[in-house]
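Those protein sequences? They're chains A and C, same order as listed. When we follow this note's numbering, the leftmost residue of the first sequence carries the number 311, and every step to the right adds one. When we follow this note's numbering, the leftmost residue of the second sequence carries the number 185, and every step to the right adds one.
The set of hints was computed from the structure by calculation and includes no laboratory data. From the three backbone atoms N, C-alpha and C, an ideal C-beta is built for every residue, glycine too. It cannot be assumed that every hint is accurate.
[Stated by the list, open to error] Pair by pair, the computed Cβ-Cβ distance ranges are: (1) C:D390 x A:Q570: 50 to 58 Å; (2) A:I697 x C:I196: 31 to 39 Å; (3) A:W711 x C:D369: 57 to 65 Å; (4) A:Y672 x C:Q222: 40 to 48 Å; (5) C:I196 x A:T528: 39 to 47 Å; (6) A:E646 x C:R253: 16 to 24 Å; (7) C:Q193 x A:W711: 34 to 42 Å; (8) A:L642 x C:I196: 46 to 54 Å; (9) A:I668 x C:Q193: 15 to 23 Å; (10) A:L612 x C:L325: 31 to 39 Å; (11) A:R719 x C:L207: 46 to 54 Å; (12) C:Y365 x A:I697: 48 to 56 Å; (13) A:Y672 x C:D390: 55 to 63 Å; (14) C:I196 x A:E646: 43 to 51 Å.
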Amino acid sequence: MDFTTFTYLSLMFLSLYMFVFFVMLTILNKNKLFEYVTPKKDYFVTILVPAYNEEDSIRETIKHVMELDYPKDKLEVIAINDGSKDRTLLILEKLKKIYPSLKILDKPNSGKADSLNQGIKMANGELIAVVDSDSFPSKSSLKKLTGFFDDKFMGAVTSFVTVRNKDENFFAKIQSIEYMILGWARKLLDFVDSVYVTNGPLSLYRKKYVVEVKCFDTKTVTEDIDITWNLLAHGYKTAMCLDARVSTVVPSKFKVWFRQRTRWGLGGLQAIVKYKTMFFKKGMFGIFILPFVSLSIIVSILAFLFSVYLISKAVITRTKVVTNSLEVNASLIHFENINLSPSVLLFYLAILFFCSIIYYNYILYKAKYEEKLSIARFFNMLFYILIYLSIYPTVWFSSIWRFVVGDNRW
Amino acid sequence: MNNKHVFWQAFIVASLIFWTGLLIGVFFETNRVNTLTQVNSDFETDLFDFDMLANLFFDSGLSCTETHRQLIFFADKIYEGALKLEHEDSSNKIIFDLVQLHRRYDLLRVRLWSEAIKSNKNCGKKINTAVYFYRYNSPSLTTKGVQGAMSNFLLDLKSKYQDNLILIPIAVDTNLESLNYMMRDYNVTSSPSILINEKYKFETLDSLKDVEKNIK
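Start from the sequences and build out the full structure, keeping to the hints where you can.
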């Protein structure tokens, strides 16, 4: 067996293991996926809405937050204007007239993490909810999240993010599929106590524990990953509620998307380095989450490089054959040279790909991406698996570059 | 945690699927190789039969046309078999290293070449031979590019001259003493290269334009 085959089979086994792992979690927990806990008491919740230049969406976000199905006397909403240069503050002040209980914290620009930390200082709630200023939580979402905190070790619970602008263009549609699959996977990881990101659009934290771990890290570019890992590193639990939904907007332009994903990647790398001493220590965080996230990055990059190597080798050889054949006036293709007995390795790839399509379609169906199965959805899914996931590792190269040169810009 | 066993359970299930897949792959590949070995063995018998037949013809002074017809027939069959082997070689990935089978096919082609030389000598020159010397083991991308073009060129030549040309591609790096001897005998020192009618050597792409001038 040559090196190429060995590498191919190793990557294939890893993919197969992860696939079986998630399918088994789905089967074992099929009746618990959308479960949530009815809280034993109504927790006092402070919702923090940090905003920087969000004049287009802040009105709707505040409206959604203020109209959440949650006892009003147990809810405190603090909108944080992080030195916006647009009309965000003006809109917030107008909203205060409609919702007098709305509190506004106006401060010079210092980033999202610092805004949240200042908000936490003002907050009176036992639980702190963070809602991105472009995200709209569904009415019942907060109630569905609070019940998880009946477990006294619960540090953070996150929601299921859907894409509000999925019909804006094809790119947004593909990201919508991605969000569905990521949300689903996150829920499955919940069954092995391994929710490792509490997303920005809507997540709920126990204030006492957040303060204990020294709040949100202002040095990282993804404060949501960092706070989750920090809580996990301190032995607190994290969870995910698939039935608590929040809608958000995704970038519809490649450049903005690339910048966003590069930042997420950079945040992931910063977190791995920051918590490197926890590898193989401290329960699921050290034993599974850290190695899983690190290995995912490494495998994703290796698989990409391996594919690029194989494809470029084939393309270069073919180009040379074609150029040389043209030079000697020879035919470019001969029927005899067409290999009609492909390698069995290709069959494995085809079978894994086929099973992935079935499973991903099942996810979209269960997560109610769209009510009906459609050909368009099927092709979007195909594009997601074949193209989107194939080119995604390029984001990692940019993230690694930013990490190496210390580019911490948002 | 309710599902802590899922980590090793998934490992066992994934391993079962993986190894079952590998075993099925091994089974398929073994079958393909067995077929090719059988075909090679049939060719060896056929060529031996041809050798006997040719001797009978020459001893009794019978038709060279029939000898040449048989020779072309075997050459084409061996070429097809070897082409299948090339395809299998690029498709078989799991366990089989087909070097030994390659050597047997190359040996068969060396023998075919020598039969063609013998036949031409006994009958007076009638059939053109184009022996293509190429590298089997890890040639560079540049060499692959040249080999691919030479191969295309020779296939065009074969389809043009049909039964007037025997095309014999032989890998030079499978360590066959008989081949090494013949190469020395005809002063073939580099690969890829083409030897036409045991006289004219073509080692570069530029030189290929003169190949046809030497085919009768």
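Quick rundown of the hints versus the structure:
no.	hint	in the structure
1	C:D390 x A:Q570: 50 to 58 Å	54 Å, holds
2	A:I697 x C:I196: 31 to 39 Å	33 Å, holds
3	A:W711 x C:D369: 57 to 65 Å	59 Å, holds
4	A:Y672 x C:Q222: 40 to 48 Å	46 Å, holds
5	C:I196 x A:T528: 39 to 47 Å	45 Å, holds
6	A:E646 x C:R253: 16 to 24 Å	22 Å, holds
7	C:Q193 x A:W711: 34 to 42 Å	39 Å, holds
8	A:L642 x C:I196: 46 to 54 Å	49 Å, holds
9	A:I668 x C:Q193: 15 to 23 Å	21 Å, holds
10	A:L612 x C:L325: 31 to 39 Å	22 Å, violated
11	A:R719 x C:L207: 46 to 54 Å	53 Å, holds
12	C:Y365 x A:I697: 48 to 56 Å	55 Å, holds
13	A:Y672 x C:D390: 55 to 63 Å	60 Å, holds
14	C:I196 x A:E646: 43 to 51 Å	45 Å, holds
Hint 10 alone, counting from the list given before, is not met by this structure.
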